[in-house]
Amino acid sequence: MTNKYQINQDYLVKFADWKNSKNENSVGFISEIAENSKNLFAESKFPTTKDEEWRFTNISNFLKSDLKPATFEDFASKLIPESVFQNSLKNTKSIKLVFQNGFFNEHLSSISNLNGKVVLGSVDKISKEKPELFAKYFNKSKNTKSTFELLNNLFAVDGFFLFVPKNVVVEMPIEVINLIGNETQNLLVSTHNLIIVEENAEVKVIFQSVLDNSHTNYHNYFTEIFGGKSSRIEIYDTEESLINKIGTTEIVLEENSLFNHFSFSLSANFVRNNLNAKLNGEHIEAHFYGLYTEKQNEHVDNHTFINHAKPNCFTNEVYKGILTDNSKAVFSGKILVEKDSQKTNAYQSNKTILLSDNARIDTKPQLEIYADDVRCTHGATVGQLDKDSLFYIISRGIPKEIAQSMLIRAFLAEVIDAIKIPELREQINHKVFFSLNQREI
Amino acid sequence: MLSIKNLKAKVEEKDILKGLNLIVNPGEVHAIMGPNGSGKSTLANVLAGNPNYEIIDGEVEFCGKNLIEMSPEDRAREGVFLAFQYPIEIPGITNSTFLKTAIDEIRKYRQQEEMSPKEFISLIKEKAAILEMDNSLISRSVNEGFSGGEKKRNEILQLLMLNPKLAILDETDSGLDIDALKIVSKGVNAFKSKENATILITHYQRLLDYIIPDFVHVLYKGRIIKSGGKELALELEAKGYDWVKELAEDEE
Numbered sequence: 002m003t004n005k006y007q008i009n010q011d012y013l014v015k016f017a018d019w020k021n022s023k024n025e026n027s028v029g030f031i032s033e034i035a036e037n038s039k040n041l042f043a044e045s046k047f048p049t050t051k052d053e054e055w056r057f058t059n060i061s062n063f064l065k066s067d068l069k070p071a072t073f074e075d076f077a078s079k080l081i082p083e084s085v086f087q088n089s090l091k092n093t094k095s096i097k098l099v100f101q102n103g104f105f106n107e108h109l110s111s112i113s114n115l116n117g118k119v120v121l122g123s124v125d126k127i128s129k130e131k132p133e134l135f136a137k138y139f140n141k142s143k144n145t146k147s148t149f150e151l152l153n154n155l156f157a158v159d160g161f162f163l164f165v166p167k168n169v170v171v172e173m174p175i176e177v178i179n180l181i182g183n184e185t186q187n188l189l190v191s192t193h194n195l196i197i198v199e200e201n202a203e204v205k206v207i208f209q210s211v212l213d214n215s216h217t218n219y220h221n222y223f224t225e226i227f228g229g230k231s232s233r234i235e236i237y238d239t240e241e242s243l244i245n246k247i248g249t250t251e252i253v254l255e256e257n258s259l260f261n262h263f264s265f266s267l268s269a270n271f272v273r274n275n276l277n278a279k280l281n282g283e284h285i286e287a288h289f290y291g292l293y294t295e296k297q298n299e300h301v302d303n304h305t306f307i308n309h310a311k312p313n314c315f316t317n318e319v320y321k322g323i324l325t326d327n328s329k330a331v332f333s334g335k336i337l338v339e340k341d342s343q344k345t346n347a348y349q350s351n352k353t354i355l356l357s358d359n360a361r362i363d364t365k366p367q368l369e370i371y372a373d374d375v376r377c378t379h380g381a382t383v384g385q386l387d388k389d390s391l392f393y394i395i396s397r398g399i400p401k402e403i404a405q406s407m408l409i410r411a412f413l414a415e416v417i418d419a420i421k422i423p424e425l426r427e428q429i430n431h432k433v434f435f436s437l438n439q440r441e442i
Numbered sequence: 002m003l004s005i006k007n008l009k010a011k012v013e014e015k016d017i018l019k020g021l022n023l024i025v026n027p028g029e030v031h032a033i034m035g036p037n038g039s040g041k042s043t044l045a046n047v048l049a050g051n052p053n054y055e056i057i058d059g060e061v062e063f064c065g066k067n068l069i070e071m072s073p074e075d076r077a078r079e080g081v082f083l084a085f086q087y088p089i090e091i092p093g094i095t096n097s098t099f100l101k102t103a104i105d106e107i108r109k110y111r112q113q114e115e116m117s118p119k120e121f122i123s124l125i126k127e128k129a130a131i132l133e134m135d136n137s138l139i140s141r142s143v144n145e146g147f148s149g150g151e152k153k154r155n156e157i158l159q160l161l162m163l164n165p166k167l168a169i170l171d172e173t174d175s176g177l178d179i180d181a182l183k184i185v186s187k188g189v190n191a192f193k194s195k196e197n198a199t200i201l202i203t204h205y206q207r208l209l210d211y212i213i214p215d216f217v218h219v220l221y222k223g224r225i226i227k228s229g230g231k232e233l234a235l236e237l238e239a240k241g242y243d244w245v246k247e248l249a250e251d252e253e
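First to last, the protein sequences are chains A and B. According to our numbering, the first sequence is numbered sequentially starting from 2. According to our numbering, the second sequence is numbered sequentially starting from 2.
These aren't lab readings, by the way, just hints derived from the structure by calculation. Using N, Cα and C, we set each Cβ at its ideal position, and we do this for glycine too. Watch out, some of these pointers could steer you wrong.
Unchecked claim - Below, simulated DSS-like cross-link-like pairs (lysine-lysine); rule was C-alpha separation at most 25 Å, straight line: (1) B:Lys109 <-> A:Lys401; (2) B:Lys166 <-> A:Lys401; (3) A:Lys15 <-> A:Lys91; (4) B:Lys240 <-> B:Lys222.
Claimed, not checked - Every beta carbon over 10 Å from chain A, so not counted as near; a handful from chain B, in silico: (5) Asn37; (6) Gly65; (7) Arg76; (8) Ile107; (9) Ser142; (10) Ser148.
Unchecked claim - Between beta-carbon pairs, the in silico distance windows are: (11) A:Lys388 <-> B:Cys64: 25 to 31 Å; (12) A:Gln367 <-> B:Asn53: 46 to 52 Å; (13) B:Arg207 <-> A:Thr382: 38 to 44 Å; (14) B:Glu247 <-> A:Lys388: 37 to 43 Å; (15) A:Leu115 <-> B:Asn53: 32 to 38 Å; (16) B:Asp243 <-> A:Thr382: 55 to 61 Å.
Throw the hints in and build the complete structure from the sequences for me.
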């Protein structure tokens, strides 16, 4: 092992300490992945703004924060159950799984009325009970991993696991609540999630990262999603106020599947989402929605990569945001259409409204097309609330602040109205206005 | 009700209104006609308080108050309504939310109680029926996906719901087929009363077959160059604008 990068060495020292202190039950399959990642991690440099993919997102705060990788002891910190569920669904029946600093908290979770064939819960536990499922899918969605993904491989001992077998429809949404933070230290919380949805099966999952205290904590996630033939999957990924989050979602879809992904960053402190989807079969329909509303010095960066590896697929990507104060957002959307992927339909748009002079968006749409019979469009706009529209509303006697809220709602309607769970739609709507200090409409 | 004296206004550094005078009394319908670029829409926008238009000189008094000093929202609350030539779409905000908000804000300004939801629903149904609008339109987003004719009809629905003292209709007839024109006219005629007044801004005479004006004014180069009764509109229709333009230029 070379002494190449100091920060990597620091984390490897932390890894050695952490391994000794962690719950002894968490050895086995996952520890093997960690051991195997050590050398790769030592050689893998953390990105700087000189790297093209990180030009607009500076991770120096992360590097400076001297984070302590979460251990099983952090699991034991006291919790107020009401605060755990303050942002979860209340009037909609749902399955709730709580992860505390990365560890599954069965006591706070509620799993009921579930088809007996569905397997869900803790990656750690189920990897021991069903090693065959893990061998096939776990950590298999991509070969070359980034530094943060390798960091996740080192420290993630648990995460959310879901297996929906062939022809099974899970009616209730599944909420995965990640509580981040303890009372004394800056934590690095690593979770590795795996979702397998078999042929003609259907499921909806809501991920939520909830901050438990005011320390500087980072949630480093790695989520792998495998959608089988004709599967129907909805994923909602939401960040609570003040959270720091860096991670990757890898999606592999098979023919005829229908996939909907939503990414919400509503007043999150620092977010970098990497979303990579591979369309590995024909006649797939996939929608990727993003919504970001940021204020003060908040920063959100969405990097998406959609790979049309097979012909006759449809994808639609819509990312919309509203930025105020000194907040910053980044959008990078790449669509790759491979040589034989004829009859591809791929649409992408990124639109941002800036409510202040100091807010900033860097947007970079990219199309890479190797097939000749395709329909692909992309576009990015940045602007202010439309003055003529504002006048129209005000001219009906409506005060300016409500008129502004109406235009914000109108601008985001395309994303908010696409949310398929009514209560979640209302919650997101509420958080949009709350996060921008605007009157709710 | 409305008294405009020597009104001069500009938009984007271009002088449009160059000393316009007009008096409108309760119960009257005034048609303002004129060729393109004469300042018709500017007049409508200036009266409603569009911040893109700058008033250089003149006075506008509305029900005894100085209109120019009022914010656009207060003008609406005092009873000025502009039916837009190009109504905007507001996705995600339903017609009923939009109108209920507007009505309650106007009532708040007048120190009246909010309208009850029940009262609101029966009122909007009654007004929508006049305009032969489907009830489903009430729960649809404001103007979203509406055809040109539906948008204009929706403007008249707003007019009937807000029931202002002064209605200014900016080219409401443009882009309407004859059936839609009749329905829109029916709505405006239902609005008309002895207490309120209407200013119709139009390029064509045909609207005036359905909404009979008490006065017709010809606006040209930012000034009213000729006024008359409804027969003036017919004369303009028959002879075009050239003869009034010549009259105006002779005067200069």
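Quick one: which hint numbers does this structure break? Sort them smallest to largest. The structure breaks hints 3, 7, 8, 9, 12, 15, 16; every other hint is satisfied.
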